[in-house]
Structures are given as structure tokens and as C-alpha cells.
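> Chains as they are written, first to last, in our numbering: chain X, 30 to 113; chain P, 2 to 167.
Don't read these hints as lab results, they were simulated from the structure.
Computed footprint of chain P on chain X, listed as stretches where at least three residues anywhere in the stretch have a Cβ under 8 Å from a Cβ of chain P:
(1) 53-60
(2) 84-93
(3) 106-113
Virtual Cβ for every residue (Gly too), placed ideally from N, Cα, C.
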Amino acid sequence: MAITTTTATDVQPIEFAFEEEYTGPLELTREQEIAYFEAQVMKKLGITGTEFLQRMDDGEYNDVYDDPDHRDIGYLEMLSHVVR
Amino acid sequence: MSDRSLRAERERYVDHIRKSVACISRDVLIVAPLDGTGLWRVRFANDPNRLPTSPELIFRAIHDFRIEHLSQLESPSPRSVGYQYELRDRNDDEVFAYHLHPTGLSHVTTPHLHVTGGSRAVRLDKRHLVTGAVTFPDIIRLLITEFDVPPLRSDWRDILESADYD
Numbered sequence: 030m031a032i033t034t035t036t037a038t039d040v041q042p043i044e045f046a047f048e049e050e051y052t053g054p055l056e057l058t059r060e061q062e063i064a065y066f067e068a069q070v071m072k073k074l075g076i077t078g079t080e081f082l083q084r085m086d087d088g089e090y091n092d093v094y095d096d097p098d099h100r101d102i103g104y105l106e107m108l109s110h111v112v113r
Numbered sequence: 002m003s004d005r006s007l008r009a010e011r012e013r014y015v016d017h018i019r020k021s022v023a024c025i026s027r028d029v030l031i032v033a034p035l036d037g038t039g040l041w042r043v044r045f046a047n048d049p050n051r052l053p054t055s056p057e058l059i060f061r062a063i064h065d066f067r068i069e070h071l072s073q074l075e076s077p078s079p080r081s082v083g084y085q086y087e088l089r090d091r092n093d094d095e096v097f098a099y100h101l102h103p104t105g106l107s108h109v110t111t112p113h114l115h116v117t118g119g120s121r122a123v124r125l126d127k128r129h130l131v132t133g134a135v136t137f138p139d140i141i142r143l144l145i146t147e148f149d150v151p152p153l154r155s156d157w158r159d160i161l162e163s164a165d166y167d
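Chain P extracted, bound-state conformation (with noise of 0.2 Å):
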């Protein structure tokens, strides 16, 4: 497997990430690498990153990934590594955390969501409840359909449905 096709792969993924992203923020999107096997790294530049359209909204986004080539027979594909994309309120209370952090200080290796609210005798904020892995387009997806976060771009649908990746 060539470095210029990993390359391609790479810039095919991240731009299906940008034009996701676009139909909620005008935030400018860093993509660079973390070392040099291949591992690389797609966040907002500013952080906090407040949403134009639901200034009351702070949303925090970090993805870690690599282009892996599996097989001979197959093309290259990202994997992501590791995630954070979390949602915050206007008293910078969290309203959502989705997780996936494969070393670091917690023992919940898997993917997971950490929500505010529960019952009285249980708190959910501090828990792990298992999800599957979340991509980009999906949190995008659910800020627009569940949040109200008004989209920036008419086609966002066709975009983020393009851009389902993993």
C-alpha cells in the first residue's frame, strides 16, 4: 500500500468530516498528525466552539484516527481511535458526553455516553452507558434533529448521509 494512496484515503476522509461539520459551525477544522505511524487527529481550532446559529450551545469535538489497509484484496479505511464530542449549555452545564478512549485515566476502554439527569438515587452523569462507536456525521445529525441546532446549509441532510463513513 502506497503512502499516496493512504494519503487520498486520508483526505477523502477528512473531507467528508469538513462538509459534515459545515452544517452546523464555521469553525475552522485542524487536521495533523499525532506521530508517525499514521495516527492523526481532526478537532475544532477554537475550543470552546460556540455554534453560530445556537450560541447557547458549546460544542466540543475531537477525533483521533488512521487509515488502515486490512488485506491485499481491500481498500484502505479509517478506524477511528478515539473520540469526544460533548455538549455543553449556556450555564456550561454538560447536557452529553460521547466517549471513546482507548488508554487514558478511565477503565472504560469502550465506546460510551455520559449524560446529565437520572433518578434521584442514581446519577447518570458519572456513568458509562455502553454505546456503539458515534462518528462526526452522527452527533452532527443529532444536534440538528434533537437539539434544534439550526443547520447552516439546506442539503444537510445529503451531506451528512454522503458522509456516513464508518
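In isolation and in its complexed conformation, chain X is listed as follows (with noise of 0.2 Å):
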């Protein structure tokens, strides 16, 4: 199965510091929240999020979705809604 997906490798993920005054929401672009989840996918298993995806399509997560120890498949995967 083809997978479509919109990459944004020109976009950054913009780095949040905690605030000590909390002012408001941020809102990204639908630009932002594709590298947003890019960048987790990197930082949580080391791979892009094409491959992520790849991997999703396979089969290869369907074992551990549920699994407590790997709560970060399911973040992510959510996290993928933005790309399809």
C-alpha cells in the first residue's frame, strides 16, 4: 500500500522552554505539527517518519499498540494523523 504522506524537512520543530507565566495556546501551522512529529519519531525510535509509517503499515507495531511499556507507538501514531 502506497503511503501518502506531506513532508515538511525545510520546517523546523520549534523548541518550547517551560514558562514560569503561562500567557496562551500556540498556534502552529499544519506545517509545524508535520515536523513536530518527524522530529518525535527521530528523538522516540531513532527513524523517520516515513519509515515509522512504513513500519506501521507492516504490521510491525500491531503486537505492542497496546502494551504499556510502549505508550510512544500509540503517541505517535496519533502524532501521524497530521501526515494522512
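Relying on the hints, combine the two individually framed chains into one complex.
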């Protein structure tokens, strides 16, 4: 099955510092959210977003999706909704 | 229904979530569109996210929603499309995980809870314990009242009560 993703290699994820005084929500663009997805996949699994989607489609994560020790997979899967 | 009214309702909804979150966290709240059809996401900017008044707890929250207009007679209203509210302890062991993922890898597509514990014969952490849909304010209230997370605001009860939305 072909994977259709929107890449955002030219958009860098934004790093946020914890704020002493909370002011309000920050609205990102879809491209920035895609960049966050890509950065989180690389940070948590060491692979690209495209490779993560391919592995997910191949069923590689089916057995661990509901495992409490692998909740990051579910988090990344939910983040991936921004690209498909 | 105009884009302006949908946007106003979305901003109002997100503001309720922002105020709820501010009861326990100083992390930045992110709002982002997921597609061109009105699907939006709210999440913490940082993951994992340690709570400032309970740094031994790790809280993850991500929530997808859309603003729907069901009829000409009704005002637009938010509808949860999916969420993950997860709490882990200082040892990175899971305490609870409230999930709604209508799409994805799991065969369970309705709101449910994973909780660590159970009997010697039956583990619960991989079971899907049925729940109704839960909201950001629900979880913030749960953290304060049941997990002893000290609130950052003294008026947290009023804020959460006014933020009960879904």
C-alpha cells in the first residue's frame, strides 16, 4: 500500500521552554505540526516519519500497540494523523 | 455556518482547555490544524511533561477534535475525535491511560481505560476498560483530587467547572 505523506523537511520543529507565567495557547501551522511528528519519531525511535508509517503499515507494531511499555507507539501513531 | 463562527467556537473551546491545563501545568499548549477539513489538535509542547508541583509524575495529553455544526438551529459545538491522557510515575511505570482512538492499530475504537493492577491471574494494563468520553477538565480534576497533584491556582474548582464542555 502506498503511503501518502506530506514531508516538511524544510520546517524545523520549535523547541519550547517551560514558562514561568502561562500566557496562552500557541497555534502552529500544519507544516510545523508535521515537523513535530517527524522530530518525535526520530527522538523516540531513531527513524524517519516515513519509515515509521511503513513499519506501522507492515504490522510491525501490532503486538505492542496496547502494551503499557510501548505507549510511545500509540502517541506517534496519533501524531501521524497530521500526515494522513 | 461561517468560518468566523467556527473559528470563534474553536477558540472558545481551546481557551477552556487552556485554563484547565493551567491549573496544574505551565507547559505551553499547542493548537494545530491536522487537515483542511476542520480537524484540530491540542497537546502539550513538551513530551514527556513533568508536572511542576508533582515532578515525580509524568503526564501526557493529546486531544484531537473538530467543531461541528449539527443543524441550522444549533450553535456549533466541539466533538472529540481522539485522545490520550496518560500518567506515569517516577519509575516510568504507567499509572493509567485513558484512550480514544477510533482509527489506528487497536481493535478497540470506543473510549477506554488502561490501568496498572488487577489480580494475579488477570492483568489489567492490556485490558480496555470501557468508559465514557473523558475531557481535559475531567483528567485535570482527577489528577488534583485523586492523585494529590497540588493545583497551581486556588480557583481551580471554578475553572474546571466552567470548562466542562463536551
